[in-house]
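**Q** The residues making up each chain are set out below.
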Amino acid sequence: MKTLVIVAHPKLAESTTQQLLKQSIATYENVTWHPLTELIDVVQERQLLRQADRIIFQFPLYWYSAPALLKQWQDKVLTTKFATGSSFSLAHKELGLVVSTGSASKTFQPGAAEQFTMAEILRPYEALANKTHMKYLSPLVIYQFPYLTKIEQQRLYATYQQYAANSKFDHFAGQEEWINSQLKRKINTTKKAATQQSLQQIQAVLQSNEDTLADLAMTVEMMKQDEDD
Amino acid sequence: MDTQKWVQQQVMTLIENSLDFKEQAFYQALQDTLTEQFKRIDQLQGEIDGRSWNTANW
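Listed in order, the protein sequences are those of chains A and B.
Start counting the first sequence at 1; every next residue gets the next number (full-length UniProt numbering).
Start counting the second sequence at 1; every next residue gets the next number (full-length UniProt numbering).
To give an idea of the chain B side of the interface with chain A (calculated C-beta under 8 Å), a few residues:
(1) Thr3
(2) Val7
(3) Leu14
(4) Gln24
(5) Ala25
(6) Phe26
(7) Gln28
(8) Thr33
(9) Glu36
(10) Gln37
(11) Phe38
(12) Arg40
(13) Gln45
(14) Glu47
(15) Ile48
(16) Arg51
Here are some chain B residues pointing at chain A (derived, C-beta under 8 Å):
(17) Gln10
(18) Val11
(19) Ala29
(20) Leu30
(21) Leu34
(22) Ile41
(23) Leu44
Keep in mind that the hints were calculated from the coordinates and are not lab data.
In this text, all values refer to a predicted model and were calculated from it rather than measured experimentally.
Ideal placement from N, C-alpha and C gives every residue a C-beta, glycine not left out.
Bound conformation, chain B alone:
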């Protein structure tokens, strides 16, 4: 299992095991932040890849 799937499963388990609205809200915000981080990492890696293969710079 890759890191993203694993860590997001961990947070999901915390949400499911919590009975407190406030705590669940925090874990949800944590989950959303992790999702956004992984998305941005993917986008930046894509951008680096794209710029590396830009033949105009060869």
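So here's chain A without its partners, still in its complex pose:
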């Protein structure tokens, strides 16, 4: 799966959030980090879009929307002819959003400071995905990055890696599979014998749990069917 991350941030170099995200996918060959500038080469942009299976709009929330950089890019690149019309050049691709905001998660609900949920605020992108026949992914929203603890930052780091590169990031089975494959790779590249042995033992438990879960789920399914009969 190829992913194109379209980063729309007017002060990209100063953003610690964006630096963390960029670092987390730095070694991923199938993920292209593409920061927008005001100079837009429409032909090249469309070429990048055509090559991608998953397209991510990544931006800080400015007045409940993306910075002007992204809107300008949308207006120039996503013309009716390209995105809809007879070509539907983006059809069947996935559209993901990675949005950062300085407000707390709990403020995005009726009766709270922001009044509206994040899903409501991001609705124009959902409409865009719908119109262009793309599959809209659940957005990854980063609330108040500066207040995240080290462990929370590490969780974001790993979650973002899967959002960018795991085709099945939104199911637990897909996450298990991803972690398992990363762990196997780690075992193969670890030089210290004691660490390698520990990783192998952990991997055996992870695999065994995965098998147990599949067996239990099947048993429950059979019991449900028996009850329905």
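Since the structure of chain A is already known, use the hints to place chain B on it.
**A** Chain B alone, transformed into the frame defined by chain A:
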């Protein structure tokens, strides 16, 4: 010590011995995945137990 405690202690030791943010992030994700697995196993076993004791099916 049961398997869950043992394996999660192993991962914790790896986190503590690592000085690399990226590596720690991976081990933390591994720890979270194991926690979720054990939780789901427990829930499914509970569900099977509950359905087995459902007198309506006896």
